[in-house]
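Asker: Work the whole structure out from these sequences, hints included.
Top line first, the protein sequences correspond to chains P and C.
Take 1 as the starting number for the first sequence in our numbering and just add one per residue.
Take 1 as the starting number for the second sequence in our numbering and just add one per residue.
It is possible that some hints are incorrect.
No farther apart than 16 angstroms at their CA atoms in a straight line, the calculated lysine to aspartate or glutamate pairs in the EDC-like style are these [stated by the list, open to error]:
| no. | chain 1 | residue 1 | chain 2 | residue 2 |
| --- | --- | --- | --- | --- |
| 1 | C | 49 | P | 103 |
| 2 | P | 55 | P | 38 |
| 3 | P | 71 | P | 38 |
| 4 | C | 107 | P | 38 |
| 5 | C | 68 | C | 20 |
| 6 | C | 49 | P | 97 |
| 7 | P | 3 | P | 22 |
| 8 | C | 111 | C | 15 |
| 9 | C | 61 | C | 20 |
Since the hints were derived computationally from the structure, they do not count as laboratory data.
Note that the structure is predicted; figures quoted are calculated from it, not measured.
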Amino acid sequence: DVKVTQSSRYLVKRTGEKVFLECVQDMDHENMFWYRQDPGLGLRLIYFSYDVKMKEKGDIPEGYSVSREKKERFSLILESTSTNQTSMYLCASSLLDRRTGGEQYFGPGTRLTVT
Amino acid sequence: AQSVTQPDIHITVSEGASLELRCNYSYGATPYLFWYVQSPGQGLQLLLKYFSGDTLVQGIKGFEAEFKRSQSSFNLRKPSVHWSDAAEYFCAQRDSNYQLIWGAGTKLIIKP
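Answerer: Right, here's the structure in full:
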């Protein structure tokens, strides 16, 4: 089974602090994704990556950056947190393979609270 | 722009009753479609997928979905729900860049 792990389940940070969320997948997937999920707004894509050192902006990249130095690891960085970044953050990965359909596999999520 | 619509924000069903969650997609002659479930405080788990072949697909946990091209729909069904099915359900469609276009989700509430 595909396993996607995220470094923390819960985080509480103060406004202005730096946050580093790490995601690791163990199935050699090319694609990795960071989403945030808020009540009533569904899943919104922050950034995604098709390969090592490659990154693409999603729908809401402002206030975030990412890093992908190794294929299995995709990190989301909040340089200076603000209260409007309080949210659930979900990482996902998928194969770049037409035969599989491109389904994404998710980690358990990190609930970040910024006070 | 592509979109996926789940018209029901909440659905309440009695335990043991049948369930149908609606999903409409907007793009693609041969769409790649998915249903995911999210239990409270958890990540999303893939229930089932469709991208070719039989239009009735079986998934995990006793769920199935039917692809209807004429109605641009991919509705999720279960003959008899259990209290453990209470969760949020998301429909998604893959685009040409391997990204998923997500519906807003339907929260399923089970009445005892």
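Asker: Indicate, hint by hint, whether the structure satisfies it.
Answerer: Do the hints match the structure? See the list:
Only pairs whose Cα atoms come within 16 angstroms are accepted, and residue 49 of chain C paired with residue 103 of chain P is accepted, the gap being roughly 8 angstroms. Restraint check for residue 55 of chain P and residue 38 of chain P: the C-alpha separation of about 23 angstroms exceeds 16 angstroms, so the hint is violated. Only pairs whose Cα atoms come within 16 angstroms are accepted, and residue 71 of chain P paired with residue 38 of chain P is rejected, the gap being roughly 28 angstroms. Our distance criterion of 16 angstroms between C-alpha atoms is met by residue 107 of chain C and residue 38 of chain P, whose separation comes to about 14 angstroms.
Simply put, residue 68 of chain C and residue 20 of chain C have alpha-carbon atoms about 14 angstroms apart, close enough for the 16 angstroms limit, and the pair holds. Taking the CA atoms of residue 49 of chain C and residue 97 of chain P, the gap is about 15 angstroms. The hint holds against a cut of 16 angstroms. A distance of roughly 14 angstroms separates the Cα atoms of residue 3 of chain P and residue 22 of chain P; the hinted pair therefore holds under the 16 angstroms criterion. Straight-line distance between C-alpha atoms of residue 111 of chain C and residue 15 of chain C comes to about 6 angstroms, which keeps the hinted pair within the 16 angstroms bound.
A distance of roughly 14 angstroms separates the Cα atoms of residue 61 of chain C and residue 20 of chain C; the hinted pair therefore holds under the 16 angstroms criterion.
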